[in-house]
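Take the sequence shown: its letter number 113 is residue 113 in the numbering used here, and every next letter is one higher.
Honestly, the hints are just simulated from the structure, not real lab data. Heads up, a few of these hints could be off.
To be verified - Derived lysine to any residue pairs resembling SDA-like cross-links, with alpha carbons at most 20 Å apart:
1. K131 / L167
2. K131 / P83
3. K131 / A111
4. K131 / E76
5. K131 / Q108
6. K131 / R176
7. K131 / R149
8. K131 / P62
9. K131 / T60
10. K131 / A114
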Amino acid sequence: QGRVESAHLGGGCVRALVTDSRGAVTADQFVIAAGADSATVGRMVGAPVPVERGTGWSLTLPTSEPLAERALMGIEDHVVVNPGPREVRLTGGMRFGGAPGQAPPPEQLSALRASAERLLPRLADVTLPGKGWMGARPMTASGLPIVRRVSPTTVVATGHGTLGMTLAPATGEQVRRLLVG
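Based on the sequences and whatever the hints tell you, model everything.
What follows is the structure, given as structure tokens:
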């Protein structure tokens, strides 16, 4: 893992990416899948990637047992409940801009929890406050992901907005087809 700092280009193609952790990384093919930072990496390789940073928030609550058998999504509030064996993660909300990695304001977490409790009433029994988090979401003007080849050596896969994990398997398959035909 590392942050891309620059690119070595030749003949209209990416030849290497320079990262802060590994130095120059060479490959026959590159995939720009840097989420909200994909536009920045795209500029480095000469490929416009029209993605804007959005910010979403989540709340992870500790539980003594799973509260549901599968993930749930409330269509009206666009809240997702992801149950795990010892925690439940609530995600929702989106705004443009924001600073990922910070704790969301308490009123956003309260609204998220209230929406999730309407979807899964058992959440009301969870009394511990949990941990809030904000993360970057790559947004496109159309709301549609960008998955395409931008040069002979580079494919872009980004812009999934609030549906990154949901669309990951299909995106992975599409990227595989673009890379190997």
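Please write out, lowest number first, the hints stated earlier that are contradicted by the structure.
1, 4, 6, 7
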